[in-house]
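**Q** Chains as they are written, first to last, in my numbering: chain A, 1 to 243; chain B, 244 to 300; chain C, 301 to 522; chain D, 523 to 738.
The hints are simulated quantities; they were obtained by calculation from the structure and are not laboratory data.
Fair warning: there could be bad hints in the mix.
Stated by the list, open to error - Some chain C residues close to chain A (C-beta under 7 Å, calculated; not the full set): (1) L411; (2) L456; (3) L466; (4) E492; (5) A515.
This one's a predicted model, so the numbers in the text were calculated from it and none came from an experiment.
C-beta atoms are modelled at their ideal positions from N, C-alpha and C, and glycine is treated no differently.
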Amino acid sequence: MNLYTYASPANFYHLAGKLIPWFAWGAGLLTVWGLYISFFLAPTDFQQSEAYRIIFIHVPAAWMSMFIYLVMAFWGAIGLAFNTRLSFMMARALAPTGALFTFIALWTGALWGKPMWGAWWVWDARLTSELILLFLYVGIIALWAAIDDVKRGDRAGSLLTLIGAINVPIIYFSVKWWNTLHQGSSINLTKAPSMAAIMLQGMLVMAIAAWLYTIAVALVRVRRIILERERQTDWAKAILEAE
Amino acid sequence: MEWASWSDFWHMAGYGLYVWGSYAVTAACILVEVILLKRAGTDTRRRLKRMQQWEEQ
Amino acid sequence: MHRFLLAVLRRDLTLAARRRGDWLIAQFFFVMVASLFPLGVGPEPEMLARIGPGVLWVAATLASLLSLSRLFADDHHDGSLEHMVLSPEPTVLLVLGKSIAHWLIYGIPVLLIAPVLGIQFNLSWDAILVLELSLLLGTPILSLLGGVGAALTLGLRGGGVLLTLLILPLYVPALIFGAGAVDGVMTGTGAEAHLSLLGAFMMLSLMIAPWIAAAALRVSLE
Amino acid sequence: MPDPLLSVHDLACARGERLLFKGMGFGLEQGQLLLVQGGNGQGKTSLLRLLTGLARPEAGEVRWRGESIRRVSEAYHAEMCYLGHANGVKDDLNPVENLRFADGLHGRAFDQKRAVDTLERLGLSRCLDLPCRVLSFGQRRRVALAALLLAGATLWILDEPLTGLDVHAVALMEGLIRDHLKAGGMVVATTHQALNLEGVTVQRLLVGNVAIPDLA
Numbered sequence: 001m002n003l004y005t006y007a008s009p010a011n012f013y014h015l016a017g018k019l020i021p022w023f024a025w026g027a028g029l030l031t032v033w034g035l036y037i038s039f040f041l042a043p044t045d046f047q048q049s050e051a052y053r054i055i056f057i058h059v060p061a062a063w064m065s066m067f068i069y070l071v072m073a074f075w076g077a078i079g080l081a082f083n084t085r086l087s088f089m090m091a092r093a094l095a096p097t098g099a100l101f102t103f104i105a106l107w108t109g110a111l112w113g114k115p116m117w118g119a120w121w122v123w124d125a126r127l128t129s130e131l132i133l134l135f136l137y138v139g140i141i142a143l144w145a146a147i148d149d150v151k152r153g154d155r156a157g158s159l160l161t162l163i164g165a166i167n168v169p170i171i172y173f174s175v176k177w178w179n180t181l182h183q184g185s186s187i188n189l190t191k192a193p194s195m196a197a198i199m200l201q202g203m204l205v206m207a208i209a210a211w212l213y214t215i216a217v218a219l220v221r222v223r224r225i226i227l228e229r230e231r232q233t234d235w236a237k238a239i240l241e242a243e
Numbered sequence: 244m245e246w247a248s249w250s251d252f253w254h255m256a257g258y259g260l261y262v263w264g265s266y267a268v269t270a271a272c273i274l275v276e277v278i279l280l281k282r283a284g285t286d287t288r289r290r291l292k293r294m295q296q297w298e299e300q
Numbered sequence: 301m302h303r304f305l306l307a308v309l310r311r312d313l314t315l316a317a318r319r320r321g322d323w324l325i326a327q328f329f330f331v332m333v334a335s336l337f338p339l340g341v342g343p344e345p346e347m348l349a350r351i352g353p354g355v356l357w358v359a360a361t362l363a364s365l366l367s368l369s370r371l372f373a374d375d376h377h378d379g380s381l382e383h384m385v386l387s388p389e390p391t392v393l394l395v396l397g398k399s400i401a402h403w404l405i406y407g408i409p410v411l412l413i414a415p416v417l418g419i420q421f422n423l424s425w426d427a428i429l430v431l432e433l434s435l436l437l438g439t440p441i442l443s444l445l446g447g448v449g450a451a452l453t454l455g456l457r458g459g460g461v462l463l464t465l466l467i468l469p470l471y472v473p474a475l476i477f478g479a480g481a482v483d484g485v486m487t488g489t490g491a492e493a494h495l496s497l498l499g500a501f502m503m504l505s506l507m508i509a510p511w512i513a514a515a516a517l518r519v520s521l522e
Numbered sequence: 523m524p525d526p527l528l529s530v531h532d533l534a535c536a537r538g539e540r541l542l543f544k545g546m547g548f549g550l551e552q553g554q555l556l557l558v559q560g561g562n563g564q565g566k567t568s569l570l571r572l573l574t575g576l577a578r579p580e581a582g583e584v585r586w587r588g589e590s591i592r593r594v595s596e597a598y599h600a601e602m603c604y605l606g607h608a609n610g611v612k613d614d615l616n617p618v619e620n621l622r623f624a625d626g627l628h629g630r631a632f633d634q635k636r637a638v639d640t641l642e643r644l645g646l647s648r649c650l651d652l653p654c655r656v657l658s659f660g661q662r663r664r665v666a667l668a669a670l671l672l673a674g675a676t677l678w679i680l681d682e683p684l685t686g687l688d689v690h691a692v693a694l695m696e697g698l699i700r701d702h703l704k705a706g707g708m709v710v711a712t713t714h715q716a717l718n719l720e721g722v723t724v725q726r727l728l729v730g731n732v733a734i735p736d737l738a
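Here chain A stands alone, though its shape is the one from the complex (with noise of 0.2 Å):
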């Protein structure tokens, strides 16, 4: 078993240990960065004024949320697969930043929507599939709290998250087929405004400062799961008492 020993939970606490400060100080710096690039370097949108600047947050966190859901899938089917213990373990270790980012995006979207369109809230494909997204890290959350079991808890989640991000893209499709054929709303929002090459440079700066963060996190928690499972073993023992 290869496998088992490269992705042996010893390891990958101390590796983590020593990852954690670089990706919280990229995350901070960049975040800086982006900041700067949202508030002072990009002009002010003719058609949207000043309330554009919300999708310097608002894109990077929808993002995250779909991206965060994804890892959490492949994590799942790898455990499932492989019956490795660690992949299972990230998958836990993400999903609350997932649920974090969702309800960002969904925050910020009703921000933005509000000055746009006139509604804090329309039904369109992208806002209803970020709903269920939320739904269903909410869902998977909770299954992990109701099972006391860890083993059957990692799998149960995970099964849970494979059906989930099958279904995902057929909610998309079908709320955005759905609005097409309601007439009564007219609001298009799938035509994206020209957008300056500035504008997009602070978006993915921002991205790559939440992909940063939720790195950082999701290693934060999946050192404490790790030390939680192994505290017979030796090593963790002896990391206890170390500290």
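Given the structure of chain A, go ahead and fit chains B, C and D onto it with the hints provided.
**A** Below, chains B, C and D alone, put in the same frame as chain A:
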């Protein structure tokens, strides 16, 4: 530079509430997550240590 | 293989026949939820016809959840679920059999009751016909996906509520296509597209859900 | 040397984060009985569930005819029958119907006469047409035993088969096990009670570290 003054900056051409509402809530969310994470970390370590002491007796 | 499937079906149907109260509750729930809406939104016929398809679909969805929490729980409780999983046939067939049995016990009565409720909601005959077709294609989805939720939450405290939380988001496409089909025929845009998408979603659920539910069931029994 | 019919290799089992046992290995041939012993919470039931294939081991594997039971689970389950703490008897059905559905689910043709004979042999002749709900715990256990007999499996895995049985039923159970072993069957069982099994070679397996006095 887009802004003539600080009050211009906070005003955001009338969209201040929306823009700053977004950024403030995002910052608060991340702050809460980091604090909770820190606290959960120390709690877990303390609990595990306590259990270890108990088991060794 | 099909003999095993038939055995599971016959067993579950016999058990349901012995305990009629259990599945009648779900049907009464369906009727009651649907009847509460006119009281809440007012009796104007146009308004009722407008919301009717959605209300009936949501009520059918909730009623399916009510009966799904029992899908594996009773057999788990008396140990017969373990015996069935340990039979020489694959678990996926067992799950498929139990999902089909659930549909026969819950879905068919919904199909029989829905036209009556459709009349209450002032739906036209065309709309009622399409409602029936959409439920015919859509309720199996509820039974199949619900099997996944029932397997995942097997034996958990508060499993019924958790099941609702896990499965409702997955039902969204069925709800959209199902209620949309009836809407389509009422607004004159036609129902064929909705119905064929609903059928496609049903086929997809049929191909994927039993496998995931079988895996979940084995995980839950460990 | 070929593997015994049922063999266990380097098996480890954990409950939660606690390791119950590891490095377990044994083999069982036709006509042999394995008595699993150990105190409460030492992992007897967990071991039996590993043997059935319901639970998955932390490490190691269980083999049937030299193949991992994960790979040949369908063939294995056709030759194995498990009786756990719960009887697997449906309260809403009468004993005969219970046996009929058990047969159906295992792909066997139902033989009404044989089922009734077996139930009568187990002392249930007076309640053949009563729903199992009204039967006592011991009587329901007998229905489960009838299903075990009718399954015609080579390997019986019995978790506390004597719980809730009266003296007659215990004697009956002992007879059934003896007959099964003589006919070339195999039994893995846990029990807290003494078993009278003269003429049978008993293998013992101690799970955990709490010694238990001889029971058979």
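**Q** Is the shortest C-beta separation between L456(C) and chain A less than 7 Å?
**A** With a minimum Cβ separation of about 5 Å from chain A (threshold 7 Å), the hint on L456(C) holds.
**Q** Min Cβ distance, L466(C) to chain A: is it shorter than 7 Å?
**A** holds, 4 Å
**Q** Is the hint on E492(C) kept, meaning its closest Cβ partner in chain A is under 7 Å away?
**A** Nearest chain A Cβ about 13 Å off; hint violated.
**Q** Taking the closest Cβ pair, is L411(C) under 7 Å from chain A?
**A** This interface hint is violated because 23 Å lies over the 7 Å limit.
**Q** Was the hint right that A515(C) lines chain A, CB cutoff 7 Å?
**A** holds, 6 Å
Checked against the numbered hints given earlier, this structure breaks hints 1, 4; the rest are met.
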